[in-house]
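K.L.:
Single-letter residue listing:
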Amino acid sequence: MSLDAATVRRVANLARLRLDETEVEKLQAELNGILDWIEQLQQVDTDGVEPMAGGAPVEVKLPWRADAVTDGAQAEKVLANAPDREGEYFGVPKVVE
Amino acid sequence: MMRPTDLTLAEGLEALDKREISAVELTQAFLEAIERLNPRLNAYITVTGEKALADAAASDARRAKGEARALDGIPLGIKDLFCTEGTRTTAGSNILGGFVPPYESTVSANLKRDGAVFLGKLNLDEFAMGSSNQTSAFGAVENPWSRANDPDRRLVPGGSSGGSAAAVAARLAMGATATDTGGSIRQPAAFCGITGIKPTYGRCSRWGIVAFASSLDQAGPVARTVEDNAILLRSMAGHDPKDSTSANLPVPDFRAAVGRGVKGLRIGVPAEYRLDGLAPEIAALWDQGLEWLRAEGAEIVPISLPHAKYALPTYYVVAPAEASSNLARYDGVRFGLRENGSDLKDLYERTRARGFGAEVRRRIMIGTYVLSAGYYDAYYLKAQKVRALIRRDFEEAWGKVDAIVTPATPSAAFAMDEKQDDPVTMYLNDVFTVTANLAGLPGLAVPAGLDGQGLPLGLQVIGRAFDEETVFAVGGAIERAAGFTASPQVMA
Chain S
1 MSLDAATVRR VANLARLRLD ETEVEKLQAE LNGILDWIEQ LQQVDTDGVE PMAGGAPVEV
61 KLPWRADAVT DGAQAEKVLA NAPDREGEYF GVPKVVE
Chain L
1 MMRPTDLTLA EGLEALDKRE ISAVELTQAF LEAIERLNPR LNAYITVTGE KALADAAASD
61 ARRAKGEARA LDGIPLGIKD LFCTEGTRTT AGSNILGGFV PPYESTVSAN LKRDGAVFLG
121 KLNLDEFAMG SSNQTSAFGA VENPWSRAND PDRRLVPGGS SGGSAAAVAA RLAMGATATD
181 TGGSIRQPAA FCGITGIKPT YGRCSRWGIV AFASSLDQAG PVARTVEDNA ILLRSMAGHD
241 PKDSTSANLP VPDFRAAVGR GVKGLRIGVP AEYRLDGLAP EIAALWDQGL EWLRAEGAEI
301 VPISLPHAKY ALPTYYVVAP AEASSNLARY DGVRFGLREN GSDLKDLYER TRARGFGAEV
361 RRRIMIGTYV LSAGYYDAYY LKAQKVRALI RRDFEEAWGK VDAIVTPATP SAAFAMDEKQ
421 DDPVTMYLND VFTVTANLAG LPGLAVPAGL DGQGLPLGLQ VIGRAFDEET VFAVGGAIER
481 AAGFTASPQV MA
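From first to last, the protein sequence lines stand for chains S and L. For the first sequence, position 95 (counting from the first letter as 1) is numbered 95 according to full-length UniProt numbering, and the numbering increases by one without interruption. For the second sequence, position 133 (counting from the first letter as 1) is numbered 133 according to full-length UniProt numbering, and the numbering increases by one without interruption.
By construction, these hints were calculated from the structure, which means they are not laboratory data. Check before you lean on any hint, since a few could be wrong.
[What the hints assert, rightly or not] Pairs of lysine-lysine, DSSO-like flavour, derived with a Cα cap of 27 Å:
hint : chain 1 : residue 1 : chain 2 : residue 2
1    : L       : K242      : L       : K309
2    : L       : K309      : L       : K263
3    : S       : K26       : L       : K345
4    : L       : K242      : S       : K77
5    : L       : K51       : S       : K77
[To be verified] Label pairs and their calculated CB-CB ranges:
hint : chain 1 : residue 1 : chain 2 : residue 2 : range
6    : L       : D287      : S       : V78       : 51 to 59 Å
7    : S       : A6        : L       : D150      : 30 to 38 Å
8    : S       : D36       : L       : E32       : 37 to 45 Å
Quick reminder that beta carbons are idealized off the backbone N, C-alpha and C, glycines included.
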């Protein structure tokens, strides 16, 4: 599988990365190099193999916790790093006309 | 007494205990070393000297009252991937802007609980993505070692924990925190002639560590000796309800395991790790390491890990996929950098293009592609199946052996202008380390010798899940046999 320039632009759009045209060509070459190398995985017979889920070395059941509020009422801490704020809200450009 | 910066962590604890030195004096010595050498090495992004001295004074007060804790007064560096309350945390990226976490990561909180003094935040590859520490938005880190025949050529410290490894090697910290997603503790430890362990997945909480690839990321220490690693890991590890993948298991006394010896242990040697073109010096060091263990009473057993050769391409599907998802949060809205745009989407795209460096953008692109409609099964699901086979290979090996010993890296530290031609060349650095991440197993790198240019080379010990004790025992035996006493050219 080889990526064309249109696919590179489409993926960049999905990833919300602005690319200028000079970058498209460079990235296309680099990504194709990486994908060609990854292609060797297709040689492996994985029929009937359950894909690994998570990173645990032995299958473990994830724990449950009570569905209870344990945290909150920390608006100032939450907003302390905001690039823009309006009162107790994050400020963003107008979305709805 | 020795110069304070030359003390190992264990020796430092003893000197503090015997009142041969105070925590303030010890901290002062490291801060002076940082002031002198950091402008060259660039190991620290942020130095928190005032806070360190205040914490050291508090530590001395505790000790005076007979209330000293496990690490009381020990000066450490913290990889700048761990959130530290009130201290800027960058992840080596511009996109975090001037982010100051309002909370403390569990691992660093555990170290503070035990009385450690934090000297500052250590440089790393951006979002821990790299093997040379050259992708950091805060500049490259220089390896304190250099080649005997080319002393002016600057070498990389490895990555992503390049600042951690360089700082410990140059005596700018007694030990440091690090993280390892594909080799990011073990490869820089090997390149800088120090010791580091990636524990079993789940041994240390990931809470408060800037996420890269959540099913692979694991925190661990780097320090100058195996024993120092064992001391640090005991404090860092432990169950944390805030990380659902954190293991609810008791934390053993790792330090007691270091001197246990290897008599009767079966040590596996994977045939697949004898790569075509493996450097003769690396192969010879590996053989030497096995000979040391045999002489100490271990049995050397050939084993096979038939899917190991697929580990790197598997990693380069799984890790970028998880990274593209984890890094979606950097959108310029809630924290970090913002680049204004004509609308919200434009703001996102401009912020992310400006804030992420080239390697991070490349991995986000790969990850987004392999997760996108029509490709998920062919890439991501396929890789997770191969990953299950890699884990199964290890499970079968544990029927025959107690630990596995391999080289840590395929070469010694390379120069800053090498391996820049294409991304895949850089990725091959992790060929020996990445299997342990994919299978979730503990792996330790320990210095075992020097190459022809006088650069350190390391061996790796891989163990069973949650059996770091055997890993420390084997690492301790290699360390004793190797008697590695060489030190870097740039050193406090």
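K.L.:
None of the hints should be skipped; say for each whether it holds.
P.N.:
Against the structure, the hints come out as follows:
For the given pair, L/K242 sits about 35 Å from L/K309 by alpha-carbon distance, which is inconsistent with the 27 Å threshold. A distance of roughly 31 Å separates the Cα atoms of L/K309 and L/K263; the hinted pair therefore is violated under the 27 Å criterion. With a CA separation close to 24 Å, the supplied pair S/K26 and L/K345 stays within the 27 Å bound. With a C-alpha separation of about 19 Å, the suggested pair L/K242 and S/K77 falls inside the 27 Å cut-off, and the hint holds.
Distance check on the hinted pair: L/K51 and S/K77 sit about 21 Å apart at the alpha-carbon level, within 27 Å; holds. The given range of 51 to 59 Å is respected by L/D287 and S/V78, whose C-beta atoms sit roughly 56 Å from each other. Between S/A6 and L/D150 the C-beta distance comes to about 46 Å, which lies outside the given range of 30 to 38 Å. The hint said 37 to 45 Å for the Cβ distance between S/D36 and L/E32, and at roughly 51 Å that hint is violated.
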